[in-house]
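Heads up: the protein sequence lines correspond to chains A and B, in order.
Everything in the first sequence is counted per our numbering, starting at 1 for the first residue and increasing by one.
Everything in the second sequence is counted per our numbering, starting at 1001 for the first residue and increasing by one.
Any given hint could turn out to be false.
[As the list claims (entries may be wrong)] In silico lysine to aspartate or glutamate, EDC-like type, Cα no more than 20 Å apart, as pairs:
#: 1; chain 1: A; residue 1: LYS547; chain 2: B; residue 2: ASP1285
#: 2; chain 1: B; residue 1: LYS1546; chain 2: A; residue 2: ASP404
#: 3; chain 1: B; residue 1: LYS1452; chain 2: A; residue 2: ASP283
#: 4; chain 1: B; residue 1: LYS1547; chain 2: A; residue 2: ASP543
#: 5; chain 1: A; residue 1: LYS451; chain 2: B; residue 2: ASP1154
#: 6; chain 1: A; residue 1: LYS452; chain 2: B; residue 2: GLU1459
#: 7; chain 1: B; residue 1: LYS1451; chain 2: A; residue 2: GLU8
#: 8; chain 1: A; residue 1: LYS547; chain 2: B; residue 2: ASP1157
#: 9; chain 1: B; residue 1: LYS1055; chain 2: B; residue 2: GLU1120
#: 10; chain 1: A; residue 1: LYS564; chain 2: B; residue 2: ASP1404
#: 11; chain 1: A; residue 1: LYS452; chain 2: B; residue 2: ASP1368
#: 12; chain 1: B; residue 1: LYS1451; chain 2: A; residue 2: GLU459
#: 13; chain 1: B; residue 1: LYS1452; chain 2: A; residue 2: ASP386
#: 14; chain 1: A; residue 1: LYS547; chain 2: B; residue 2: ASP1404
#: 15; chain 1: A; residue 1: LYS451; chain 2: B; residue 2: ASP1368
#: 16; chain 1: B; residue 1: LYS1564; chain 2: A; residue 2: ASP391
#: 17; chain 1: B; residue 1: LYS1547; chain 2: A; residue 2: GLU120
#: 18; chain 1: B; residue 1: LYS1451; chain 2: A; residue 2: ASP58
#: 19; chain 1: B; residue 1: LYS1547; chain 2: A; residue 2: ASP462
#: 20; chain 1: A; residue 1: LYS451; chain 2: B; residue 2: ASP1543
#: 21; chain 1: B; residue 1: LYS1452; chain 2: A; residue 2: ASP368
#: 22; chain 1: A; residue 1: LYS268; chain 2: A; residue 2: ASP462
#: 23; chain 1: B; residue 1: LYS1451; chain 2: A; residue 2: ASP391
#: 24; chain 1: B; residue 1: LYS1546; chain 2: A; residue 2: ASP391
#: 25; chain 1: A; residue 1: LYS452; chain 2: B; residue 2: GLU1422
#: 26; chain 1: B; residue 1: LYS1578; chain 2: A; residue 2: ASP386
Keep in mind that the hints were calculated from the coordinates and are not lab data.
Predicted, not measured: the structure shown is a model, and the values here were computed from it.
There are 2 protein chains.
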Amino acid sequence: MINWKIEETGFNADKIASNGNKYLVGNGYMGIRGTLEEYEKEHLVAVNLAGIYDKVGDGWRESLNAPNGLYTVIRVDEEEYRLPNSDPLEHLVSLDYRRALFSRKTTWKTPRGKVTVESERFASLSEPHLLTMKYTIKADFHADIELRTGIDGDVWDINGPHYDNLSLIEDDGLIKVIGTTHEKGDKVCVTEGCNYNFTCEKNLTVDGKRILRHFSFITKPGISYEITKFISVYTSVDTPDFEKEAKQLVKECIEKGYAFLKDQHVKKWEEKWSVSEVVIDGDDDAMEALNYSLYHLHSIAPRHSESLSIPARGLSGQTYKGAVFWDTEMFMLDFFLYTEPRVAKTLLKYRIDTLNGAKEKARSYGYDGAFYAWESQEGGFDACSDYNVVDVFTGRPMRTYFKDKQIHISSAIVHGIMRYFELTQDKSILEEGGAETIIECAKFYYSLLLKKVNGQFYELHDVVGPDEYHERVNNNGYTNRMAKYTFDMAVKIIDSLDGFNPEAAKHIRDMYPVDDLKKKFSDASSHIYIPQPDKEGVIEQFDGYKKLEDVSVETLKSRLLHEKEYWGGAYGVAAHTKVIKQADVVTWLTLFPEDFPEDILLKNWNYYEPRTEHGSSLSACMYALLACRCGMPEKAYPYFMKSATADLTGTGKQWAGLIYIGGTHPAAAGGAYMTAINGFGGVSFENGELKAKPQLPPSWNKLSFKIIHLGKLYQVEATKEGAVIKECK
Amino acid sequence: MINWKIEETGFNADKIASNGNKYLVGNGYMGIRGTLEEYEKEHLVAVNLAGIYDKVGDGWRESLNAPNGLYTVIRVDEEEYRLPNSDPLEHLVSLDYRRALFSRKTTWKTPRGKVTVESERFASLSEPHLLTMKYTIKADFHADIELRTGIDGDVWDINGPHYDNLSLIEDDGLIKVIGTTHEKGDKVCVTEGCNYNFTCEKNLTVDGKRILRHFSFITKPGISYEITKFISVYTSVDTPDFEKEAKQLVKECIEKGYAFLKDQHVKKWEEKWSVSEVVIDGDDDAMEALNYSLYHLHSIAPRHSESLSIPARGLSGQTYKGAVFWDTEMFMLDFFLYTEPRVAKTLLKYRIDTLNGAKEKARSYGYDGAFYAWESQEGGFDACSDYNVVDVFTGRPMRTYFKDKQIHISSAIVHGIMRYFELTQDKSILEEGGAETIIECAKFYYSLLLKKVNGQFYELHDVVGPDEYHERVNNNGYTNRMAKYTFDMAVKIIDSLDGFNPEAAKHIRDMYPVDDLKKKFSDASSHIYIPQPDKEGVIEQFDGYKKLEDVSVETLKSRLLHEKEYWGGAYGVAAHTKVIKQADVVTWLTLFPEDFPEDILLKNWNYYEPRTEHGSSLSACMYALLACRCGMPEKAYPYFMKSATADLTGTGKQWAGLIYIGGTHPAAAGGAYMTAINGFGGVSFENGELKAKPQLPPSWNKLSFKIIHLGKLYQVEATKEGAVIKECK
């Protein structure tokens, strides 16, 4: 069995950035990078907030980092000891990902003896606004200690600074920092109170953007001096009374104390694991990697809201602007659908509630219906820039087409809503805007359909498919298939209106000429061009793909002139070759395996697999899932592990051109989960019935997990012989 | 009046390349760059041949340069004197462009005295295979001279060498070099014979790729020693008997002598000028520049053939692969139509005879009909590369879309054929393949038409218009309008079949379902989307143009990071701005001024003029012509002069990315002619009647010229008061 803990001994400054992701704690309201208490902005410290954004000047709009209430540094005998400046004698960081506890322990050798600091922190799963830390200091001599701890308002930003002004305040024994954002004047309020168990001299200073308590004392050898910090984080978007509530929460926590709060937090986590833990008998590495991935998904689930989604890099910082991508619907959703459907609904409600933004985006391009944001922020605002990559050779922004041509995004929303409905039969999601969303997405695709005057099919031209290395292509198979699916789902919705509550049905019927739309969408579905396998069984990814240069990924690497150069775009090394960034046809076949006989699935897997760079963390799991579908769990396994270890190894792509794209990879985590459950576990829902046809990798003896289906919890025990499914009572 | 001569005194090595263009002589069969006799390939010497091409390895297919039969160097007292190595005391080159005679005179100071060489050369207008030179040497002391003259087979190539082997032969007093081309094994045979009027020691050597006669003698002070060379150039494509005919021609010429041949040549040129000279009273600079431009057009007119066209850089070398562009039909054709319609027919017959190549090209892209080559070589082979520009920052070829998306090329062929027919009423051109060509071009555009499933119009997407800086645009106004024109002309042709000779009419009716095509083309013409003026009267160049950054040409220049970087492509400085390379909407309005009221023409001129870089020599004349149409001859004038002096100043663009594009600019020459005659002269043909409504620039008192209309020659005398048109008897 696994010990639910990752740790690292010794200090390596090169890992400051990647450990910030790997040791992250979060509770869906905020994510706290796994950085040390004494770190400042140059070490990528972040208390990254969900769902609140700001834009300054010409910079990209991005999520906010709150002032850091964990900030703590020590002086020993008037000398400052801090990483990475002061080499430690011993150093350990660890993450208990069962209980979501970050801890560190560092010992420095000073001229007079050794000093050790330890800390433990968690973002409370029972109280979304609460961040808590215990910090202890111990010396083996009579050390003269000055401990400074408080709130650091000098936050790390990629496109900041976002706070036009910061108020640094002492109030009733608490300290707080209130920042006012540039664009909308939102307030972010971080309030801190603390307990400590020793006598000392105290002082309070404001030093630039930091407000700090100073504790001066002399240690007795071997005695631990402990301070516990209770930090509340609120914004004016949460409540107009944010300041008052923040203070009240801290006051209450001071009363309750660290142990009690930790206990509450751990219990909440145990509740989560009691449903979501996946047990893999025979492969501890896989079990650890997978559950560690699920830890990350749990840590960023927006349980405090009814309408909020998860950014592509979770809550690990401002990478990708803190924006929501198709990652959520296509890769993360299944985990929540299976283990916590309420969160799945929250994620989808975010899309439903941003329908107006999607309609505005469609209108801005002259299209009808709903064109969802490629990089969605609040209100559905598309944060994606037309110039999303920087040319390493000229330093110029490159015109990219993620925003305006990656039209498959809208179909991902439809897929998410319908998958939620299929697995829960909770039609409230359709009645509460889901039906309208699906119809608007269908209208969007309908307005894009082109027909050659002397042709028969309807086509979609000038798009970017999942494989972003090939821009502006015609008839991307995945996109066309998803558009067809969208038309089909819209027809299905219209056909099922009689089953809606009368008000919801009337709303739709008042709003749309449903008979006319049904006719149009049916016609579109039956005429849209869907590329078919050629005589080798291979489906062409887009018109003309087969004519491109057939070359290996390795050869392309050898053609690079600059390690950070972008492979896509008009002239990238991959652009005019068959090498693709990520699963594209394979994603289609994974979603719709019934479109073709199994030998066609296999032929396409075999064809595209060696031509895929996997430059996206979304890629591996699609190859893994289709491999399972084709009866090749042994070929799926390395792709599964690649997905499951994306954040554990921290070796993912850090750069797209000159843009930093590091952070956590929740879509890979979700993909690993899907591979385990749907792929190896072989879970499916045939005619509303839960089935499992396992395909375990060679080393796995048993795969056990629970899933929720139609509101009931089931235990699935999958072995090489088959699966046993039992309802949990 | 002008003196019909350009000259340059003093020697400037920096001008070797540009003077090669400026002092070019040619006769349509070959062009001889204005280089000196002692120059070798590094000085861009070329005897460039019309209509014969070769490809070696991965290089571009390009026209051939023949071995250089003019090659001559001297030694004086055993010391070599040659430019650019030996600084001259005096130096003069000149071109008598009335008589098409190149001459040079150079004096060197040697330790014992001065030596002067003079030469005169012409490419015979009466005998296309003949190149003739007189070379004299004179010293003011008893100079010990060794003159070496012969044939230099070590030719300049851009993508060569093209001769797999060279035979260097002495035969019956003549010398010859026969090269065998790499791709097809064509033979190029240069034969030389000479006369001389002095006694000397003679010798013959073969030195690498050169075969040279050596003449050694001692000069008497003040006496000229003259050698005349008769060089024939033949290829195996001309005749299987090329070797014999070449020899025979040289033998005959030796008999006839230089003076006689020169007299024949000059008489032919006088014949040309008797029709084509344009007299501008009041502006010698303009008259000189214009007639110098016409000299270039005459020099490259393929009078020796019935089916041959003119490359975009004339016969000035291998730039642009020696290929034929739309330049010929849209910019050069009018000059020949007005002054020598037989040449116009020859140019168009080349396109008609390459219809199969155009059909093959269309088929290769999955289109119907005829898609003419963007860079046409023999048989209609498209020499255009998919990678036609080199990225200056990476040295990598850039994917360009001239070949596959500049679909307006086919309409230029239709326009040329119909213009020939309209001005000559010679329907043989239609009967001899022109009708079929037009129908195939209409079929081509028909197969490209797209209709939005929920739209009404037919659209053309993903094209490149005349403004090549904006790639892959939808509904380029010029392209759509020319497609409509093509549909209209095809319908007109079908309607006029009864007037064809019965055999030609039957051929068309057998070949095509003409009633069905007529219906389709009429429908296409009435539904194709033609952008209309907005409320400011401006026609959007293509969908979305108005949303681009509005910035000045100067600002773009300031953004350049490299002087040779390409402005277009996906990321060029112009690509996402309103700055355009060349007249685009303005070209449309120049061709179809009746599409809109005059104020719309003017508003578009005013809008696009400051946004045009004029990065193409095709641009200025369109602005000049439309300015005349709008009653602004003073605004037309600088654009006219820019066109007319394109080769005189030699300041045109020399580079597109890292690709050399220097050479002569016959399209600019043709554009200058059109501006003079159609613009300032105001010539038009209303209902088949020749009219002239002059709009003279302020400084012009009178503009006089002759033009041929419906087979008759007319004299036009245009003044500010109006025009007098008289038939010449």
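Which earlier hints can't be squared with this structure? 1, 3, 4, 5, 7, 8, 9, 10, 13, 17, 18, 22, 23, 24, 25
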